[in-house]
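Peer 1: Spelled out from the first residue to the last, the chains are:
Protein chains: 2
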Amino acid sequence: MQNNNKTIPTILVTNDDGIHAKGLEALIEIVKPFGKVIVVAPEEGNSGMSHAITIKHPLRIRKHKRNDDVDFYSVNGTPVDCVKMAMNQVIKSTPNLLVSGINHGSNSSVSILYSGTMAAALEGCLYGIPSIGFSLLDYLPTANFEPTIVWGQEIVNIVVTNGLTKGTCLNVNFPVTENGQYNGIKVCRQNMGTWREEFEKRTDPRGQEYFWLTGYFLNEEPNATDTDEFALANGYVSVVPVSIDLTNYSEMKRISGLENISSPFQNELKNK
Amino acid sequence: MQNNNKTIPTILVTNDDGIHAKGLEALIEIVKPFGKVIVVAPEEGNSGMSHAITIKHPLRIRKHKRNDDVDFYSVNGTPVDCVKMAMNQVIKSTPNLLVSGINHGSNSSVSILYSGTMAAALEGCLYGIPSIGFSLLDYLPTANFEPTIVWGQEIVNIVVTNGLTKGTCLNVNFPVTENGQYNGIKVCRQNMGTWREEFEKRTDPRGQEYFWLTGYFLNEEPNATDTDEFALANGYVSVVPVSIDLTNYSEMKRISGLENISSPFQNELKNK
Chain A
1 MQNNNKTIPT ILVTNDDGIH AKGLEALIEI VKPFGKVIVV APEEGNSGMS
51 HAITIKHPLR IRKHKRNDDV DFYSVNGTPV DCVKMAMNQV IKSTPNLLVS
101 GINHGSNSSV SILYSGTMAA ALEGCLYGIP SIGFSLLDYL PTANFEPTIV
151 WGQEIVNIVV TNGLTKGTCL NVNFPVTENG QYNGIKVCRQ NMGTWREEFE
201 KRTDPRGQEY FWLTGYFLNE EPNATDTDEF ALANGYVSVV PVSIDLTNYS
251 EMKRISGLEN ISSPFQNELK NK
Chain B
1 MQNNNKTIPT ILVTNDDGIH AKGLEALIEI VKPFGKVIVV APEEGNSGMS
51 HAITIKHPLR IRKHKRNDDV DFYSVNGTPV DCVKMAMNQV IKSTPNLLVS
101 GINHGSNSSV SILYSGTMAA ALEGCLYGIP SIGFSLLDYL PTANFEPTIV
151 WGQEIVNIVV TNGLTKGTCL NVNFPVTENG QYNGIKVCRQ NMGTWREEFE
201 KRTDPRGQEY FWLTGYFLNE EPNATDTDEF ALANGYVSVV PVSIDLTNYS
251 EMKRISGLEN ISSPFQNELK NK
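Protein chains in written order, with this note's numbering: chain A, 1 to 272; chain B, 1 to 272.
Honestly, I wouldn't trust all of these hints.
Any copy will do: because identical chains look the same in the list, a pair fits if it lies in one copy or spans two.
[Claimed, not checked] Using 20 angstroms as the maximum straight-line C-alpha spacing, the simulated SDA-like pairs for lysine to any residue come out as follows:
id: 1; residue 1: K32; residue 2: W151
id: 2; residue 1: K36; residue 2: H64
id: 3; residue 1: K36; residue 2: E178
id: 4; residue 1: K56; residue 2: P141
id: 5; residue 1: K65; residue 2: G184
id: 6; residue 1: K36; residue 2: W212
id: 7; residue 1: K32; residue 2: Y139
id: 8; residue 1: K56; residue 2: M252
id: 9; residue 1: K36; residue 2: D71
id: 10; residue 1: K56; residue 2: E43
id: 11; residue 1: K32; residue 2: N67
id: 12; residue 1: K63; residue 2: Y249
id: 13; residue 1: K65; residue 2: W151
id: 14; residue 1: K201; residue 2: I55
id: 15; residue 1: K56; residue 2: S262
id: 16; residue 1: K63; residue 2: P175
id: 17; residue 1: K166; residue 2: R189
id: 18; residue 1: K166; residue 2: D245
id: 19; residue 1: K56; residue 2: T203
id: 20; residue 1: K166; residue 2: T94
id: 21; residue 1: K65; residue 2: E209
id: 22; residue 1: K201; residue 2: R254
id: 23; residue 1: K32; residue 2: R202
id: 24; residue 1: K36; residue 2: K56
id: 25; residue 1: K56; residue 2: N223
Hints in this document: simulated from the structure, not taken from any laboratory.
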């Protein structure tokens with residue numbers, strides 16, 4: 001197959017849990033039927049790294065041997081570094097698909113903002129690649145990804161066939177259900193919510209305070225039925241189309257009065 | 001003033017260039033007339049950290065002495081860590097305003113995705129605080145922030161007076177002009193673009209390759225006149241209202257066919 005790869009679709013795979021994560025192997029299994037798989041993933045776990053890029057220390061890339069025809073590289077950086085390194089140093093032409101994950105843990109609702117998994121998908125989107133981030137609502141290293149395979153392949157199949165609108169990628173979350181079955185797929189919007197009571201305070205042996213990040217998710221729309229949180233709570237796979245354009249267009253009109261400022265400065269402000 | 005702070009507005013200030021940045025002092029100067037200023041900023045520079053949070057090592061917070069009535073703290077973490085720490089450990093009630101910056105360097109267009117400055121503003125937004133990220137198109141430590149002060153105060157004044165729609169914050173960028181004057185303010189949308197040729201390859205003394213992140217911005221809309229890039233190139237202060245809801249609502253309809261998947265699995269896929 002490798003000698004004929006001009007006609008075989010190329011699929012770039014990355015994640016934020018690092019090259020040893022079980023979810024990465026599940027994702028490779030999902031996309032293998034669709035083309036030549038090239039993995040470029042972080043050496044170590046990068047949960048919560050969001051869209052961070054590495055500018056303070058140099059990056060290195062390492063090729064790993066495998067027993068299948070997957071090209072497999074690690075980078076000592078973030079998920080977004082991995083996508084950039086893949087696009088600039090590994091892949092000669094734009095891949096046909098980028099997939100990221102499968103994350104161990106949810107990236108629904110506002111968790112997308114903190115997510116390295118989804119940042120990699122957004123980065124792929126910036127390169128014009130149809131991109132999907134996948135997450136399973138089980139953060140354990142031993143999570144069971146078996147139910148995600150066939151549903152993941154259905155979603156990939158549709159994206160490969162129909163494409164995605166430029167500047168848009170998908171945030172796919174798989175629920176955990178008692179019988180391992182899903183009730184179907186819901187195309188939904190991002191649930192609004194926030195995190196609360198986020199630190200655990202401890203004291204070190206020298207009497208100095210330190211804090212571990214922790215806390216719980218507060219669902220601000222518990223009664224909504226069109227959100228990813230609702231879909232997941234009801235046994236559906238949630239699919240949120242996500243835009244790299246963060247502009248709030250309706251707010252542009254509301255704040256247009258800002259353009260009337262022409263002659264600063266109100267001196268009285270300084271004396272308030 | 002401190003004894004009467006129930007009636008004085010509270011303003012939370014952070015940045016991503018760290019507590020020693022000149023831009024942080026400029027921002028303090030902007031907001032001082034509007035209330036009690038509390039700074040919680042990263043100990044060190046955190047450019048390119050985006051919405052990253054620190055989960056692998058513990059955080060510590062340190063109070064610093066100053067010669068004015070500004071409360072000033074540093075945290076050994078990211079800009080988003082600083083906002084969370086401020087909200088959970090420093091400030092008793094929700095502040096009236098959060099400002100982040102002034103960043104040394106642009107956060108226009110898609111740079112918002114990588115920006116720690118704007119991530120702090122988005123985090124403030126998640127807490128329901130009217131939030132503004134400020135950046136100046138000069139990355140040098142010695143950048144001249146003088147022209148930003150009066151315009152910054154005008155923008156803060158309007159936001160404090162009128163508020164912002166829930167889930168929306170502002171991405172404000174100041175241009176650099178020859179005469180230090182701005183032509184006004186433009187309320188605009190995020191320009192689309194991407195980064196190219198992003199690595200400089202070097203060889204270390206032991207013959208091993210390594211890479212420094214670098215590259216240039218490719219403006220994908222050079223002829224657009226309603227974007228932040230256009231405003232800045234023409235000497236205007238750009239103001240983009242930014243949403244924490246990343247859902248692409250029009251794309252939801254286009255991909256609604258995904259919901260028709262009910263009976264995986266197409267076995268032939270596996271044999272492709």
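Peer 1: Each hint needs a verdict: does it hold in this structure or not?
Peer 2: Going down the list of hints, with the structure as the test:
1. In this assembly of identical chains, K32 and W151 lie within 20 angstroms of each other by CA distance solely inside one copy; the values are 14 angstroms within and 54 angstroms between copies.
2. In this assembly of identical chains, the alpha carbons of K36 and H64 lie at most 20 angstroms apart only when taken from the same copy (16 angstroms versus 55 angstroms across copies).
3. Taking the shortest Cα distances, K36 and E178 never come within 20 angstroms of each other, neither inside one copy (34 angstroms) nor across copies (52 angstroms).
4. For the homomeric pair K56 and P141, the shortest alpha-carbon distance between copies (16 angstroms) is at most 20 angstroms, but the shortest distance inside one copy (30 angstroms) is not.
5. When the C-alpha separation of K65 and G184 is checked against a cutoff of 20 angstroms, the pair qualifies neither within a copy, at 37 angstroms, nor between copies, at 58 angstroms.
6. For the homomeric pair K36 and W212, neither the shortest alpha-carbon distance inside one copy (41 angstroms) nor that between copies (28 angstroms) is at most 20 angstroms.
7. When the C-alpha separation of K32 and Y139 is checked against a cutoff of 20 angstroms, the pair qualifies neither within a copy, at 24 angstroms, nor between copies, at 44 angstroms.
8. When the C-alpha separation of K56 and M252 is checked against a cutoff of 20 angstroms, the pair qualifies neither within a copy, at 36 angstroms, nor between copies, at 39 angstroms.
9. With identical chains, the CA atoms of K36 and D71 are at most 20 angstroms apart within one copy only, with a shortest distance of 8 angstroms there and 56 angstroms across copies.
10. Taking the shortest alpha-carbon separations for K56 and E43, both the intra-copy value of 17 angstroms and the inter-copy value of 15 angstroms come in at or below 20 angstroms.
11. For the identical chains of this complex, K32 and N67 are intra-copy neighbours only, at 14 angstroms inside a copy versus 63 angstroms across copies, given an alpha-carbon limit of 20 angstroms.
12. Taking CA atoms no more than 20 angstroms apart as the test, K63 paired with Y249 passes in neither setting, with 44 angstroms inside one copy and 40 angstroms between copies.
13. In the homo-oligomer, the alpha carbons of K65 and W151 never lie at most 20 angstroms apart, since the shortest distance is 29 angstroms inside one protomer and 57 angstroms across protomers.
14. Proximity of K201 and I55 under a CA criterion of 20 angstroms is satisfied inter-copy only: 14 angstroms between copies versus 31 angstroms inside one chain copy.
15. With identical chains, the CA atoms of K56 and S262 are never at most 20 angstroms apart, being 40 angstroms at best within one copy and 48 angstroms at best between copies.
16. In the homo-oligomer, the alpha carbons of K63 and P175 never lie at most 20 angstroms apart, since the shortest distance is 33 angstroms inside one protomer and 43 angstroms across protomers.
17. In this assembly of identical chains, K166 and R189 lie within 20 angstroms of each other by CA distance both inside one copy and across copies; the values are 18 angstroms within and 16 angstroms between.
18. Taking identical chains as interchangeable, the C-alpha atoms of K166 and D245 lie at most 20 angstroms apart whether they share a chain (10 angstroms) or sit on different chains (18 angstroms).
19. In this homomeric assembly, K56 and T203 come within 20 angstroms of each other (Cα to Cα) only across copies, at 17 angstroms, whereas the closest approach inside a single copy is 30 angstroms.
20. With identical chains, the CA atoms of K166 and T94 are at most 20 angstroms apart within one copy only, with a shortest distance of 14 angstroms there and 38 angstroms across copies.
21. Taking the closest pair of Cα atoms, K65 and E209 come within 20 angstroms of each other only across two copies (19 angstroms); inside a single copy the shortest separation is 45 angstroms, beyond that limit.
22. In this homomeric assembly, K201 and R254 never come within 20 angstroms of each other (Cα to Cα): the closest approach is 42 angstroms inside a single copy and 47 angstroms across copies.
23. Taking the closest pair of Cα atoms, K32 and R202 never come within 20 angstroms of each other, the shortest separation being 46 angstroms inside a single copy and 34 angstroms across copies.
24. Taking the shortest Cα distances, K36 and K56 never come within 20 angstroms of each other, neither inside one copy (33 angstroms) nor across copies (34 angstroms).
25. Taking the shortest alpha-carbon separations for K56 and N223, neither the intra-copy value of 45 angstroms nor the inter-copy value of 34 angstroms comes in at or below 20 angstroms.
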